[in-house]
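Chains as they are written, first to last, in the numbering used here: chain L, 1 to 119; chain G, 1 to 416.
Everything labelled a hint here was simulated from the structure, so no lab data went into it. Even for Gly, the Cβ is constructed at its ideal location relative to N, Cα and C. Wrong hints could be hidden among the right ones.
Under 10 angstroms between C-beta atoms, here's a sample of chain G residues computed to sit facing chain L [claimed, not checked]:
| id | residue |
| --- | --- |
| 1 | K17 |
| 2 | L25 |
| 3 | E124 |
| 4 | L199 |
| 5 | I352 |
| 6 | Q361 |
| 7 | A362 |
| 8 | I363 |
| 9 | D364 |
| 10 | G366 |
| 11 | L373 |
| 12 | Q377 |
| 13 | F383 |
| 14 | M386 |
| 15 | I401 |
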Amino acid sequence: MDFKVILKEIISNVEGSIGAGLLGTDGIVIDQVSLKGSFDISDVGAEYATIIKNAKKASESFDLGKTGEIMITTEKATMIMMTIGNDYFVAIALNLDGNLGRGRLEVKKAIPKLEQGLT
Amino acid sequence: MAKDDSRFLEIEEYNKKLTNNPESLVFVPLAEAYRKSGMLDEAIETCLKGLRLHPTYMSARMVLGRAYMEKVMPEEAATEFRKVAAADTNNIMAHTLLGQLYMQQEKFANAIEAYQKVLSLNPEDSNVQQKLNQALELARQDVSAGKQQEQKTFKKKQDISKAEELSKQGDIENAIKIYRLILEADPANMVVRQRLKDLEIRKVQAVTRRKKAEPQVPEPTFFYRDRDNDKITSDDILSVMREAKISEKPKAAPKGAPPPEDKPVPKASAPAVSPAILKSGRDQAAEQKPEEVKLKPPASDGAEKISSALKKLMQTEGVLGSMLMDSQANVLASVLKTKIDQKEVAKIVSLIFKNTEKSVQAIDYGKEIRQILIAGQKGQIIFNKMNDRILLMLADNNINIGKMRLAINDIVKSLQ
Numbered sequence: 001m002d003f004k005v006i007l008k009e010i011i012s013n014v015e016g017s018i019g020a021g022l023l024g025t026d027g028i029v030i031d032q033v034s035l036k037g038s039f040d041i042s043d044v045g046a047e048y049a050t051i052i053k054n055a056k057k058a059s060e061s062f063d064l065g066k067t068g069e070i071m072i073t074t075e076k077a078t079m080i081m082m083t084i085g086n087d088y089f090v091a092i093a094l095n096l097d098g099n100l101g102r103g104r105l106e107v108k109k110a111i112p113k114l115e116q117g118l119t
Numbered sequence: 001m002a003k004d005d006s007r008f009l010e011i012e013e014y015n016k017k018l019t020n021n022p023e024s025l026v027f028v029p030l031a032e033a034y035r036k037s038g039m040l041d042e043a044i045e046t047c048l049k050g051l052r053l054h055p056t057y058m059s060a061r062m063v064l065g066r067a068y069m070e071k072v073m074p075e076e077a078a079t080e081f082r083k084v085a086a087a088d089t090n091n092i093m094a095h096t097l098l099g100q101l102y103m104q105q106e107k108f109a110n111a112i113e114a115y116q117k118v119l120s121l122n123p124e125d126s127n128v129q130q131k132l133n134q135a136l137e138l139a140r141q142d143v144s145a146g147k148q149q150e151q152k153t154f155k156k157k158q159d160i161s162k163a164e165e166l167s168k169q170g171d172i173e174n175a176i177k178i179y180r181l182i183l184e185a186d187p188a189n190m191v192v193r194q195r196l197k198d199l200e201i202r203k204v205q206a207v208t209r210r211k212k213a214e215p216q217v218p219e220p221t222f223f224y225r226d227r228d229n230d231k232i233t234s235d236d237i238l239s240v241m242r243e244a245k246i247s248e249k250p251k252a253a254p255k256g257a258p259p260p261e262d263k264p265v266p267k268a269s270a271p272a273v274s275p276a277i278l279k280s281g282r283d284q285a286a287e288q289k290p291e292e293v294k295l296k297p298p299a300s301d302g303a304e305k306i307s308s309a310l311k312k313l314m315q316t317e318g319v320l321g322s323m324l325m326d327s328q329a330n331v332l333a334s335v336l337k338t339k340i341d342q343k344e345v346a347k348i349v350s351l352i353f354k355n356t357e358k359s360v361q362a363i364d365y366g367k368e369i370r371q372i373l374i375a376g377q378k379g380q381i382i383f384n385k386m387n388d389r390i391l392l393m394l395a396d397n398n399i400n401i402g403k404m405r406l407a408i409n410d411i412v413k414s415l416q
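Please construct the entire structure, taking both the sequences and the accompanying hints into account.
Shown next as structure tokens:
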């Protein structure tokens with residue numbers, strides 16, 4: 001399965017997207033695509049994994065159940081991360097004026113396909 | 001075969017990137033790919049080279065440690081894991097692997113320490129619990145290591161029994177003192193920490209009871225509840241908030257009702273405090289008033305604003321609670337059940353916020369987090385940064401993410 005094709009489909013359907021990546025919860029990047037050079041997660045996969053780890057900790061502390069989605073907004077961008085099973089997650093970064101709703105939808109749509117390739 | 005091919009392609013790709021930019025951090029996934037392909041020498045060499053440029057990059061040390069481990073170089077592996085554990089004391093993987101190495105080296109006392117650390121970070125890990133039991137058993141058989149550990153455990157058990165006895169006799173003050181001493185010697189002991197917290201709550205309760213001179217105060221639900229295994233019960237937060245939400249139905253609440261006299265009296269500008277969420281039983285439902293807002297306003301003129309903003313938030317369908325805290329994890333205002341250990345909640349939130357912000361900065365997606373939203377199967381939570389404060393909102397799944405963001409953004413605007 002070519003994960004790049006699926007990731008490309010996500011970002012090409014979402015206005016304002018910068019890039020998308022598929023990672024393991026151990027921080028190792030499986031694949032990524034980018035519309036702008038600024039999105040290169042191969043160096044910083046571990047940081048994404050830390051974010052997921054923190055979110056899981058929060059979910060545990062607040063009894064939210066299994067973590068499904070994390071959305072982080074900074075002064076520069078918004079990141080949406082959705083978990084795929086226990087070991088993987090997909091991340092998409094958008095400009096602040098990006099279509100967040102569309103981003104979430106496209107990622108959700110892509111998850112079953114990515115899941116298929118990961119099992 | 002196909003898997004091997006893809007691994008080599010991966011290695012080739014990472015190598016290319018590293019050649020283009022030798023200072024890149026891509027050496028870590030490259031070394032990991034080498035390790036997974038069984039090319040341990042290459043993995044070690046790549047890590048060592050990269051670490052010369054990035055000596056504080058702990059992910060690289062983890063990969064290096066694993067490679068050493070697989071190459072059966074336990075001393076070198078342990079050195080790397082120890083460095084990671086020293087830099088990031090909460091790194092569960094480093095402590096777990098250290099435990100594993102110590103077990104292989106029959107350093108049972110060290111293994112016990114490592115596994116205890118893991119359990120203090122993740123008390124639910126039954127696998128590590130099992131390993132700890134195994135280490136304890138082996139340590140007992142090992143005369144030198146076993147004796148030392150048993151002596152420590154015995155002393156601790158004696159102290160704990162004494163504290164328990166005192167607590168049963170109602171001598172809470174002295175029981176607290178003993179627990180504090182045990183914690184000083186063993187700060188990672190979550191069981192003792194939990195018992196100390198329970199006693200401190202009991203102490204506050206006793207003082208409150210005396211003040212109110214009420215013989216029968218209904219037992220409130222605590223964030224920390226004594227359970228059979230004494231584990232930290234932070235997962236009670238949501239249920240407690242739900243109870244608060246259930247009891248805050250404002251149907252029969254008389255508007256402008258005066259604050260009850262038996263409550264901690266807020267400042268003049270603070271809202272009336274309702275006893276509703278302290279009460280239980282259907283017969284009291286009729287007199288329930290709007291939810292309580294506990295306030296420690298930073299400035300008195302802002303108190304009313306904060307109070308009404310948090311109350312307004314609670315009127316949104318699906319919202320279970322909210323809290324405003326400062327960057328030092330001090331709770332400024334909250335709409336929660338009164339007896340929740342809010343300080344503990346604030347500490348958790350502050351830690352999660354800071355760690356996540358650090359990671360976002362490393363990714364280079366901004367200097368400051370404005371909002372974090374975490375959605376789980378049973379509920380969702382938003383942390384919203386407002387200057388140096390954090391507004392937290394907890395909700396169930398009856399509210400969608402869009403509405404949640406809208407509600408919190410409204411409040412943030414009104415507070416700013």
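Non-conforming hints, listed in increasing numerical order: Result: hints 4, 14 break, sorted rising.
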